[in-house]
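Undergrad: Chain by chain, the residues run as shown.
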Amino acid sequence: KQEVTQIPAALSVPEGENLVLNCSFTDSAIYNLQWFRQDPGKGLTSLLLIQSSQREQTSGRLNASLDKSSGRSTLYIAASQPGDSATYLCAVDNNRKLIWGLGTSLAVNP
Amino acid sequence: DTAVSQTPKYLVTQMGNDKSIKCEQNLGHDTMYWYKQDSKKFLKIMFSYNNKELIINETVPNRFSPKSPDKAHLNLHINSLELGDSAVYFCASSQAATEQFFGPGTRLTVL
Chain A
2 KQEVTQIPAA LSVPEGENLV LNCSFTDSAI YNLQWFRQDP GKGLTSLLLI QSSQREQTSG
62 RLNASLDKSS GRSTLYIAAS QPGDSATYLC AVDNNRKLIW GLGTSLAVNP
Chain B
5 DTAVSQTPKY LVTQMGNDKS IKCEQNLGHD TMYWYKQDSK KFLKIMFSYN NKELIINETV
65 PNRFSPKSPD KAHLNLHINS LELGDSAVYF CASSQAATEQ FFGPGTRLTV L
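So the protein lines, in turn, are chains A and B. All you need for our numbering is the position in the first sequence, starting with 1, plus 1. All you need for our numbering is the position in the second sequence, starting with 1, plus 4.
Think of the hints as simulated: they come from the structure by calculation, not from any bench. Fair warning: there could be bad hints in the mix.
Claimed, not checked - Okay, derived cross-link-like pairs now, DSSO-like style, lysine-lysine, Cα gap no bigger than 30 Å in a straight line:
# : chain 1 : residue 1 : chain 2 : residue 2
1 : A       : Lys-43    : B       : Lys-75
2 : B       : Lys-75    : B       : Lys-26
3 : A       : Lys-69    : B       : Lys-13
4 : B       : Lys-48    : A       : Lys-98
5 : B       : Lys-13    : B       : Lys-26
Unchecked claim - Here's a subset of chain B near chain A, in silico, CB distances under 8 Å, partners left out:
#  : residue
6  : Lys-45
7  : Leu-47
8  : Ile-49
9  : Ser-52
10 : Ile-59
11 : Ile-60
12 : Phe-68
13 : Phe-94
14 : Ala-101
15 : Glu-103
16 : Gln-104
17 : Phe-105
18 : Gly-107
19 : Gly-109
From the three backbone atoms N, C-alpha and C, an ideal C-beta is built for every residue, glycine too.
With the rest of the complex left out, here is chain A (with noise of 0.2 Å):
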């Protein structure tokens, strides 16, 4: 059965830091792998997808690395602004399902 796990479950840092992010999985039988952002009270947005054939993904500021074969995938947030506050969910397709960690709230501050 399919775990997804994120740590840390809460990180507050400074303004203009860089950060990552983990997500770990135990079934390396995946289609792919989204990561997506929250906010509170709000719906998901999605982020990046990497595809199981594929390691890593860049949008912006964003990175995600996905290495399969160990069960982890990392999102990397360079230099962190106030608006990057939110909860950062990690995803992992098992055909079409989605199973879910539980995030990490992230609060960047000013």
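Take the given structure of chain A and dock chain B to it, following the hints.
TA: Structure of chain B alone, referenced to chain A:
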């Protein structure tokens, strides 16, 4: 706007009532989903439809009945609502096994 939309955004109702949540996507996707986010913010898939056919049903009580009248719509009907059904319900869509796009969510409160 191309998007996934859900109605209503908020739903407050009494225990025992029956209610429906509607979802529509205009992205031309062939697969739609319902997810539940509980009070601890844990997200879990409930159902998935591909081209109007049910392909995933994750041990959800049979009080929950999804209906897909066409590829662009997936509605969720809930009978005999219970306190534990209080949650945020998200609809999503994708084209086959690719990136999933989510609606804004429906916050259901059962009193």
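Undergrad: Does each hint fit the structure? Answer for all of them.
TA: Verification of the supplied hints:
no.	hint	result
1	A:Lys-43 x B:Lys-75	holds, 25 Å
2	B:Lys-75 x B:Lys-26	holds, 13 Å
3	A:Lys-69 x B:Lys-13	violated, 37 Å
4	B:Lys-48 x A:Lys-98	holds, 9 Å
5	B:Lys-13 x B:Lys-26	holds, 10 Å
6	Lys-45	holds, 6 Å
7	Leu-47	holds, 4 Å
8	Ile-49	holds, 5 Å
9	Ser-52	holds, 6 Å
10	Ile-59	holds, 7 Å
11	Ile-60	holds, 5 Å
12	Phe-68	violated, 16 Å
13	Phe-94	holds, 6 Å
14	Ala-101	holds, 5 Å
15	Glu-103	holds, 4 Å
16	Gln-104	holds, 6 Å
17	Phe-105	holds, 6 Å
18	Gly-107	holds, 7 Å
19	Gly-109	holds, 5 Å
Hint violations for this structure: numbers 3, 12, all remaining hints satisfied.
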